[in-house]
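Participant: Chain residues, written in single-letter form:
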Amino acid sequence: MVTAIGRRAAGEPWNDPDARPYVELRRVTKKFGEFTAVDDVSLKIYEREVFCLLGASGCGKTTLLRMLGGFESPTAGRILIDGEDVTDVPPYERPVNMMFQSYALFPHMNVEQNVAFGLKQDRLPKAVIRERVAAMLEMVQLGEYAKRKVGQLSGGQRQRVALARALVKRPKVLLLDEPLGALDKKLRERTQFELIGLQDKLGVTFLVVTHDQEEAMTLASRIGVMDRGTIAQAGTPAEIYEFPNSRFVADFIGSVNLFEGRLVEDEPEFVRIDSAELGGTILVGHGISSAPEAALWAALRPEKITMSRGAPPQTDNVTRGIVQDVAYLGDLSIYVVRLATGKLVRVTRPNTARHAEPVERDGEVYLSWDAASPVVVTR
Amino acid sequence: MRRLLRRLEGTRVSSRGLVVALPYLWLIAFFVAPFLIVLKISFSHAALAIPPYKPLVVWTSRSVLEIRLDLRNYLAMFAHRLYGDAFLNSLKVAFLSTVFSLAIGYPMAYGIARAGARARNILLLLVVLPFWTSQLLRIYAWVGLFKANGLINETLISLGVIHQPLTLLFTPFAMYVGIVYSYLPYVILPLYANLEKLDWQLVEAAQDLGCRPWQAFYKVTLPLSRNGIVAASMLVFIPATGEFVIPTLLGGPNSLMMGRILWDEFFSNRDWPVASAIAIVMLLVLVPCMMAYLRIQSRGSDS
Ligand SMILES: Nc1ncnc2c1ncn2[C@@H]1O[C@H](COP(=O)(O)OP(=O)(O)O)[C@@H](O)[C@H]1O
Ligand SMILES: [Mg+2]
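Residue numbers (the numbering used here), protein chains in the order written: chain A, 1 to 379; chain B, 380 to 682.
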């Protein structure tokens, strides 16, 4: 997976308590009647960031974005952009622009008129408008389509018109609702990089909504994982992947093996968890803060498990099982291993050598992992 | 085998041909033929006969077939101010009625299109509800409201707003009220059908790009509802031009319109040729309007 940590938002402003947030949500809640679509969300986004809101369909991503755009007003909470409280500012006076999920291009105008619309609204001189529109269309490679009606464009071209129309106004923040959702897979991957390139060049802060975790990993400086109206965790793609704070996040991003258990040794440098599901103990190479008797889970990523036919040298973090299923995906293979307890464990292995030690279905294997690999989550 | 197939194909084409021909047959039987008959009568001259006009084609002696095209009816229309005035008046009344109907109907259609699904159905029902009673009855109801001792005057007097009854009946005002009231559903329904399809996210996009709500309306909603406006205008303008009942029952003696003249020529004067000539001229004015309408419509659906 490609991630872009540290490429944007110079430094890591989210780790700097003095850094000034560019967009700030303070305890924002949105209710539709009895239904709470966004539930007490607080969030800080910094200048030049690409922040991705990632979550399943219906978890409130669009609603959150629409509140930033000014199309919904929060039931409670405040919204600040560049230090200014915009909670009660109407959309046409906010320093943000939105790229709608359906693109919302004006069908009665051609490409050029669509892109120029916002600038004309600002009453800029004609020459300036013409110049900026032309430059923008060049940037999204639509120069030769300026006079086309939007109805005559392909999906990818429409997407770029929508992007150009929003970006040409040089907003402080660009809100993108599933910007690549309507494109097919190949085009989507290419467009992701174009989007990053544009953002880099223009230095606009992006807030992107998506339900596609790969897209979020590729685009984001930070990801906010949403779950039923709340932000379950916000962090860099690597943080979210390597240190998920809950079973939900661990499971939502990539795939994970979860072993339920309880603490049997609790030291500052390591902990040991006894898991009935595993049929043994798991040594975790870092301390945790948890109530001694509380239920907890050790989360172990499939690629962090080593599989071998012979017994590994280590004594901790080893178990045995029978290979129940093998899926060959080309670059890697996925193995499903059944432990003696009946628990199914997922293991992935890159196919680096063409004739690696073959592991066949129904073969017995040892599974082992490093003490640094498991992450303990308490909810 | 191949021959059989070809024969089958042949019958299929002919039955399809029939389907295609049906609308044309309909048009010929109920539009072209009557039009030609009216056109023929318009070139004749009134006479005491049955039918009450002179034949266009006569056999004279010695086998000469004489066709007489009498242009007097048309010339008379230019000779007498009455016709020209009535004609202009008709167009004026139709135009103003269209403007008033749109001014009232557009906000109503807009409101219905933006209402919730349940409210929307009830409102639409209310719009078409008047259709369940005869138009004549509804116009008479307005007479009852407008007359000197009618509901409006009585109410205003009993409230002490006025002391003498207002002259409402037989005024242009009453006539416009009657026409706008009668044609309002024909404005609301096509406009509603159009606005209901409008993607409201386009309006949001316009606001996002800096438009105040009224600017977004003017730059997005209005242009995108052009087809609905054109359709609604035609549905009012064309029948209002020839409207007869409402001006007669509600309008004053000054509101002389083509429909009224047509009626008088036909029934009081029994001058079918003049009445026909009037009808033809009206058609010649209205058909270009229709053509323009169809062109705008088809251009609209291209985009
Ligand atoms: N205008 C609205 N009225 C009522 N419910 C709404 C409205 N907009 C969104 N919702 C509800 O709020 C929830 C979140 O919607 P949304 O923000 O669109 O989710 P997402 O974009 O994450 O798929 C959904 O259950 C949706 O039905
Ligand atoms: Mg959405």
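Careful, some of the hints might be misleading.
Claimed, not checked - Ranges between beta-carbon positions, derived for each pair:
1) B/D578 - A/S154: 15 to 23 Å
2) B/T627 - A/V89: 52 to 60 Å
3) A/D325 - B/F596: 40 to 48 Å
4) A/Q324 - B/R499: 33 to 41 Å
5) B/L504 - A/E34: 43 to 51 Å
6) A/V89 - B/A520: 45 to 53 Å
7) A/E34 - B/I536: 47 to 55 Å
8) A/V89 - B/L508: 51 to 59 Å
9) A/A276 - B/N500: 22 to 30 Å
10) A/S102 - B/F596: 47 to 55 Å
11) B/A412 - A/A182: 50 to 58 Å
12) A/K126 - B/L662: 15 to 23 Å
13) B/A572 - A/G83: 41 to 49 Å
14) B/R499 - A/G151: 34 to 42 Å
Don't read these hints as lab results, they were simulated from the structure.
Beta carbons are placed, not taken as given, at the ideal position from N, Cα and C, and that holds for glycine.
Participant: If a hint holds in the structure, say so; if it doesn't, say that too.
Facilitator: To see whether the hints hold, each was checked on the structure:
| no. | hint | result |
| --- | --- | --- |
| 1 | B/D578 - A/S154: 15 to 23 Å | 19 Å, holds |
| 2 | B/T627 - A/V89: 52 to 60 Å | 57 Å, holds |
| 3 | A/D325 - B/F596: 40 to 48 Å | 60 Å, violated |
| 4 | A/Q324 - B/R499: 33 to 41 Å | 56 Å, violated |
| 5 | B/L504 - A/E34: 43 to 51 Å | 29 Å, violated |
| 6 | A/V89 - B/A520: 45 to 53 Å | 50 Å, holds |
| 7 | A/E34 - B/I536: 47 to 55 Å | 52 Å, holds |
| 8 | A/V89 - B/L508: 51 to 59 Å | 43 Å, violated |
| 9 | A/A276 - B/N500: 22 to 30 Å | 59 Å, violated |
| 10 | A/S102 - B/F596: 47 to 55 Å | 20 Å, violated |
| 11 | B/A412 - A/A182: 50 to 58 Å | 54 Å, holds |
| 12 | A/K126 - B/L662: 15 to 23 Å | 47 Å, violated |
| 13 | B/A572 - A/G83: 41 to 49 Å | 47 Å, holds |
| 14 | B/R499 - A/G151: 34 to 42 Å | 28 Å, violated |
Checked against the numbered hints given earlier, this structure breaks hints 3, 4, 5, 8, 9, 10, 12 and 14; the rest are met.
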